[in-house]
Amino acid sequence: MLLTSNLAQPIVDHIMPIAQQNINIMDSRGVIIASGHKHRINTFHQGAKDVITSLQIVEIFPGDLDQYTGSLPGLNMPIVLHEQIIGVVGISGHPDQVRDIARMVKMVTELILEQEVLQEEARSQFQLRENFAALLLSDHASANYDKLLKTAKLLKYEMSLPRLVLVVDIAPLLNHAYRNFGLNDLVSSRTRESIMKLLSTPSHIDYNDLVVFIEDKLIILKYFEQTTWEHSYKDWASAVLKQLKTLNLPLSLGLGSLAMEYTALGQSYQEALFALHMSTTQASLASIHDFDILSSYLVKEMNAKSPCQPLQLIKAKLTADLTRKYDMKNTIVSLLNNNMNITCTAKNLYIHRNTLLFRLKKFKEITGLDPCGFFNHALLCKILFED
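All letters in the sequence shown, in the order written, are residues 1 to 387 by UniProt numbering.
Hints in this document: simulated from the structure, not taken from any laboratory. Because the structure is a prediction, the values reported are computed rather than measured. Idealized CB from N, CA, C, for every residue including glycine. Take these hints with a grain of salt, some might be off.
[Stated by the list, open to error] Calculated pairs, PhoX-like style, for lysine-lysine (alpha carbon to alpha carbon, straight line, at most 20 angstroms):
#1 Lys325 x Lys362
#2 Lys245 x Lys217
#3 Lys361 x Lys317
[Unchecked claim] Label pairs and their computed distance ranges (CB to CB):
#4 Thr343 x Leu247: 24 to 32 angstroms
#5 Asp206 x Arg324: 36 to 44 angstroms
#6 His231 x Val117: 57 to 65 angstroms
All chains should be modelled from the sequences, with the hints used to inform the complete structure.
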């Protein structure tokens, strides 16, 4: 750790009222970088230099001043952090009178610096995670695979696992905190910490998940097993929403689709953002798998090159045998071409009306889509069977 004036001077300012003596902090060169005597800052302190050289406490008595350039009577002790001397803390006064208070000053100084190191490590970790997530969710993920892989190893993040993206709009929570405690980084940091603590149970977030904050959004990359995710993702997202509701503020959630490859996480993220934007009420969960949201998204992304995973899921349910057995594609296309008119569609297909109704019932059982009942379902059918 590099001991700087910006870090050392607040320590001096906080401890001096307790010590009732002048305090100096010197760097590894023996230069005073913080002091209650401002005129001494940036001057050389021979006593501190001797502490660094000898690794011992140096006591300077009134009769010893000619041996210690730039020094006053006092006691100088090494600042030790992770078994390394990073500087010296000195307290002015006769050594016989300030020994006890000097030990206290050294201990408090080291405790403050240890806390600062921990906070800096946490800040660095958060920044690393945010930068990693931003690149992972961008359009440039595939072009930066090597960089992502190196960072993933540092974060112990397994890139090959299937994940979906959940986005939470935490702006209401941040704005509430700012109104009550002021607009500053500490308030923002504490607010994010409270959210993380709230979701820290394994049922919400576990070691396979990645959680980051980007601006006023909480982003969770949640791991689900490919074979079971359809039966569990809604329950998980609902549980997250329920937990966030304990904050007594309306927070909206947007949920994207399951990304089988890391290169698809960007699409899941965009889907989650779109679903969040489409949320009709606050304190609600909006999913790209909701047919109304999905149809609107597909219209918006009609020219997108990447296939839509929720639509692929619907297609997968329409196996070749089922489609052939019930003539699904021809039936739905004819229905759409006849403006959802059952009678006209039956005539066009040369089948009985009841046969058509049976096919539509079967189609709904398989896909969940009801094109005659909902406009957005009809729109999805149009996209689904578009050649």
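- Broken hints, numbered, in rising order? Hints 4 and 6 not satisfied by this model.
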